[in-house]
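Visitor: So you can see what is in the structure, the chains are spelled out below.
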Amino acid sequence: MSEVFEPKIVAFVCTYCTYAGADLAGTSRLKYPSNVRIVRLPCTGRISPMFILKALQKGADGVLVSGCHPGDCHFDHGNYHARRRWTVFNSLLQFAGVPEERVKFSWISAAEGIKFAELIREITEDIRKIGPFEEYHKLIAETGSAAPL
Amino acid sequence: MATLLYSASLNDCIARWREDGLMVFGPSTAGGVSGFREVEDAGSLDLDLVLTRSTLKELFFPRTEPMLGYRIGKQQIETEEFIPPEGRRIIFGVRPCDAAGMQVDDALFDWDYHDAYWFRRRDSSVIFSIACTHSDAFCMCTSLGLAPDSTKGSDVLLRPLAAGNGWKVEALTERGENALSSISSLLKEGGDAPAPLTDVPVKFDLEACRRWLADPENFESRFWKEISERCIGCGSCTYLCPTCHCFDIQDEGDTYQGVRRKNWDSCSFSLFTMHTSGHNPRATQSARWRQRIMHKFNYFSLKFNVNSCTGCGRCTRECPVDMGVTETLQAISTLQR
Amino acid sequence: MAKIGVFVCHCGENIAAKVDCTKLKAAMESHPGVSIATEYKYFCSDPGQESIKKAIVEQGLTGVIVAACSPRMHEATFRKACAAAGLNPYLCEIANIREQCSWVHSDGDEATEKAIEITRSLVEKVKRNNELQPILVPVTKRALVIGGGIAGIQAALDIANAGGEVVLVEREASLGGHMAQLSETFPTLDCSQCIMTPRMVEAAQHPNIRLLTYAEIEKVEGFIGNFHVRVKMKARYVDMQACTGCGDCIQKCPQKKISGEFDCGLANRPAIYTPFAQAVPNKPVIDSRHCTYFKNGKCKVCVKVCQTNAINFDMQDEYLDLEIGAIVVATGFQIQDTSLYGEYGYGRYPDVVTGLQFERLASASGPTGGRIARPSDGKEPETVVFIQCAGSRDPSKGVSYCSKICCMYTAKHAMLYAHKNHHGTSRVFYMDIRAAGKGYDEFTRRAIEEDGAGYIRGRVSKLWQENGKLMVRGVDTLLGKPVEVPADMVVLATAMVPQPDAKEFAKTLGIGCDEYGFFNEAHMKLRPVETATAGIFLAGACQSPKDIPDSVAQASAAASKVLALFSREKLEREPIIAMNNEATCSGCWGCVLACPYNAIEKKDITDRAGNLIRRVASVNPGLCQGCGTCVTFCRSNSIDLAGFTEKQIFAAVMGL
Amino acid sequence: MTAHNTTSGENIYRPAVMNIVATRDEAPGVRTMRLEFQDPLELEKFKQAYRTGMFGLYGIYGEGESTFCVASPETRNDYIECTFRKSGRVTAALASAEIGDLMTFRGPYGNRFPIEEFHGKNLLFIAGGIALPPTRSVIWSCLDQRDKFGKITIVYGARTVADLVYKQELEEWEKRDDVELVLTVDPGGETPDWKHRVGFVPTILEEAAPAAGNCVAVLCGPPIMIKFTLASLKKLGFEEENVYTTLENRMKCGIGKCGRCNVGSVYVCKEGPVFTAAEVSAMPQADL
Amino acid sequence: MSIQEHYRSRAKELLSSGTVKMVIGYGTGSTPDRRRPVFITSPDETDRLVLDKACRTNLSGYLLREGLLSDQKQVAVFFNLDGVRSLNILAAESQLETAQVLVLGFRIEGEEVTALQGERAADFKSLIAAAKEQRKSQPPHELQEKLEAMTPKERFSFWEAEFSRCIKCYACRQACPMCWCRRCVVDNNQPQWVNTSSHTLGNLEWNLLRAFHLAGRCVECGNCSRACPADIPLHLLNRRMSDEVQGSFDHYPGMDEAQEPVLASFRKDDPETFIL
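Protein chains in written order, with the working numbering: chain A, 1 to 149; chain B, 150 to 486; chain C, 487 to 1142; chain D, 1143 to 1430; chain E, 1431 to 1706.
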């Protein structure tokens, strides 16, 4: 029997909403797959597209970017700026051939522990289905080996 | 009577070399861009090109290549070395100007410190050049004292036959002779007439230019600013030059392991010579263009007794703003008078 | 490299039951740059913290990772412990292996693997952390209160009475605002001026309050504790020092036919005037738009009658620069332009009046001396119709919000009318009666039950004049049939709207406002008095429609925020702020636009001779709140965020 | 990672691994480190090759390599000392390295000071700010065989007192009666208890007025200081041939291949970093 | 009078009257089909100016040459509408002031080159507005459409092949009128976000990040693709970005000099269908 593929997922979240939501999932003892690694930032406004590319370079099969719902930003409108950047970068990634399942964006508030747990379950399941990001892994492998003669 | 290789036999030659464990490279086109790539048969070769877009240099000095792998431990650093293996290669269909570029860089890479990355590949490669029967408006080998049938840097020189059905074969080195001996059964003897070589007009008086360049009075001439005013400071002329050899060393990887790489670099880039203090000896684009010209036609020849330009014309051919060595040296020729 | 200590907390069984803490410890021990890794049952306990401190001192640690519960829980605890041991607190990071690991994963091996990666990533981050020092901002202990209505006066008095220095700025010639115009106030029906004017006088005479009337805010710069405010002192043409307030000039002014603002156009005033009799300061101003001298270059009657030579036609606007520590914005409201509602006939029929005009009619100090009389003929109306929500709760023509006070003041108006005209009839068209508040519902019931106000639930569709009567047609939705009421006077409960220049003023202040122009609070629930700009607070109806008690309460709340700020010599702020590399900044100002706090300024780089070389962005540490939105915008990577630098995040991702 | 088998030593870009055995903070952002070779064979090679004046590429894997001189003299070649200012990516990493950490060294490269030609002559050392390290290496080379030289004068200046490096050694030199040490700081850079000179190096040099006869000068410092000091030396009668200096150009390979250190036809990494002032004068000045 | 003659005489006029100190235009190139940027400072040299359908390069980048505009004097530049738009963006991003730039506007349609009315950036507002409308209705780009129809895997391998050829000569950046950062992000090595090596991963990172930085700023002048010696269809990425900002935010770069950068501004009701 083949083993279940366990994807590596990196999440970039804001500390005020999604990080707190993830904490709430914890204090509520909700169970979700362990594939996700969270990187905490002050605000979604701080999350640069390069973070996503570096997570992929580090071998991530999926990336989640998440923050406060529109209107709830601790910093008033960091997430509105973030949303525009995501819109643009998301379409760029898709145009470059990064499957949409691999890079996801969400709003998760400090109260939405359940949404957080469910989303992680969902994303993990979706990426398990499409398997490792082999196309990208191949490019990574090339950087660590000799160039053709 | 001379040794001939008919085009019809080329495919068999390639097969023979490959059977002998050699890799065969030659001009071919992919994604609309021509360059030297490994080929399996004669059909993949693009021998009618005046010149490939990228140069032969790339096969010896790739644009990026790993030098050392490292893994950082708590008390030790493990390293692994990447030096290209000595796989033998035939490079077929090189233009004499590109081949001549090899000799230019040989000098530099063997100057006190013998650069194994370059020489392992040099020593294991046999360069089959084909003399040129065609040229374009940018070709200028004759201005550099070379010719459409120069032999510099080549191991074998092929002269196209007038009938267009093959080449007259001339071994220039022992390596060339060896490569030919393994296909000797596919070579013929005959008296077929060679095709006339292309006529590449001389575009400037090299010696006059060199005299002007050697005169320290001219170093700070207004000429440099005027001639390079439109230069945008990209690296395409240097990266497409068959002799430009500047490089950078960069570490790449994650926190614990990675690869130290040797990457092409360019004297056109403003950061190339920038000190960390912020002082930049060549702070302006005109200073950088002057360095490129001086280096090619003055400094390098002083040091290594060879011009580091072979007249391929790529710098002009590919320049986004239509600059290049030709225009500059032509202009210097006029200054002389 | 670094000397990092990793402290793995078991949290009793909370972590240790799932995560193999010994394995995590071992993994960290063998990690480059980690000097010591230990585990313990409760690192947040006293002995736990002590062991961290001891390790810092003994090992000379350059960074600390506590792998434990969420940083939202104990980051402060552990950072304080580090500081106590002499390690800069910002060299301590928390790896969350409880809420985001042991509590949410069932498989121990997986949880352990994840805990190792989380911790490793943070070890890599902390290696690149920099020592940060809290930002100390000096506080100018002087408050600026903008607006001299009840909210502004209350805030000013509260601050002043606690010993704070206050500058109170009012753009009209007198303190008082809308409250001074009111007759009686609900639900107690005490006389508005009777409770208001003593407050005005107290404010004007308070030794800690500097009163600037007929003045406007021109420019606000700086940041919390350190605002620089420019105030425009509009030319009054009357020397305040010389004027005794005798009123001779007002009496003699030949230009008397100017529609009086204070009386909402129900009475006239001269060109030199005080807005109302009890004005504070009670010294006149010249209305240069109407003054005969200013119009024709001749007159100067006032100059002639003035015994103290107080009139000065050459007076110019003057500017006053103030250093201010905190700002209370209490700029109040206006009433909506009711001519929007053609169907109500406002402006067309003189006896259709606004609620505020009715206040003036009912006021003892008003144009009628408190007699409720029709503007058209001065007769007392027999039937008065009150129309509620004349603009409020009407997204199509008016405003979509509820103006909050109209239900109450309409009931009050009906009551006052009943008290003054015992035979009259009052009819109130309403949508709902919103009477939440202490004694409020009882008050409206009294209007209906004791004072006979006839409430009709429904809207008015048309109003016309017929046989000297104002015919009001509406629907009684409870009965489900149309009604027509012949009235002598109609009172519109006009919507409360922000000041017309509120949006512009929000920009001057650098605060936010909503689509109408009501100023935004920092958080609707938890920070209703603060704005998003530190050091600027809100009071009264400039934030949203409010009645007097709410305005006063918010004013006192704002005052307490100001006083809390003034209780310290210096402000200490988290040093998580942006910083710009001026050498690489191109000055495109994208960051300036993106910053939610106007914290990025344009700075000139000059040569030694003072010639401008170029301009670059410069972060004001007093204003920056550390969101990092600018960092992501900056294409050249020139701006960075302390505590979450590009290097740190790069390392954290690469360390995963 | 797929490694190819190579004969050891063939790769001229492979550095030696060094142990950091001591560190010292010299001035704000300036640090000295003492390094020891992990591999005794590498140490042997270094001892064979190293002569005062040479430089090396100091590195941290993952960050890269940075070029600076070997600040320790050829007379003490069991270890390497280097002094650097934290400015770029590599030096930032080196600045946060601790004793016991590992780093790398590639070299020694370049030419040397012809110290035996200095025998029997008076020596004048002039240095500014962070440029004392290359001078210091020559100073110790000469002090370690003191009897071979005549009078030794050291003129060293920095912007402020805090910016002076090798403070302990300055004290030591000051105490020796076979060395004349002239210390100075730029006007405004002095502290209340500063008992040495105040003024720019060229001025102070002219005041000290060392005799040019039978004297060799070694001059290191920032370009602007070099320019003015050379003029002062000329005034004092020094011939350009008797003034030695070093060039500190940006380098990547250190061995004459990568192309960035060229000044005119000179490859600073191979034909330098030590030049006489006469040699420097012959270079295209605009490219310095 | 041909447009070329017209502008030659206008250039002469501007230079002799001292209205401008320099005219940046096109001159003959090293082959008959090539044009090269020329910098004319004397009225006697205006005959060197050429204007025909081969004049495709957007010259606005030259305006930012160090020191060129620091003396407050004016410079005239040959611009097609894309060029005017990039001029507007440069002004919107505070890199220059349009008052210092005199536009010699032209439009190339097929074989024909016509003059654009106006000489100040603001004179072209209505033309730009029309171009914005026109862009909405223009037929989709063939290769772009083909790409959009592919599976992500196919698209990825398309770009992998394209990017594998990139030699990191940065001609795209240097030729781009919008790449004027004092320090390019790729030249920041603390941290080194973008791998500088020209392996495919480094090339992909570089080209994607560049496309992102140009989102809402690219005027689709085509300088990048023309400059690329590896013939990578870079304009496709930029085009896709332009589609996105126009579709989602109704943003057409370079409308005027007061336009706010699309990524430094927002609307509360921006679309967000992809956000979970």
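A few of these clues could be false.
[Said to hold, decoys possible] Cross-link-like lysine-lysine pairs, in silico, DSSO-like; alpha carbons within 27 Å at most:
#, chain 1, residue 1, chain 2, residue 2
1, D, Lys1309, B, Lys223
2, E, Lys1451, A, Lys138
3, E, Lys1583, B, Lys374
4, A, Lys58, C, Lys1133
5, E, Lys1451, C, Lys993
6, A, Lys31, C, Lys509
No wet-lab data here; the hints were simulated from the structure.
Visitor: All the hints need checking, so say for each whether the structure fits it.
Guide: Evaluated hints:
no.	hint	in the structure
1	D/Lys1309 - B/Lys223	violated (33 Å)
2	E/Lys1451 - A/Lys138	violated (54 Å)
3	E/Lys1583 - B/Lys374	violated (49 Å)
4	A/Lys58 - C/Lys1133	holds (16 Å)
5	E/Lys1451 - C/Lys993	violated (40 Å)
6	A/Lys31 - C/Lys509	holds (23 Å)
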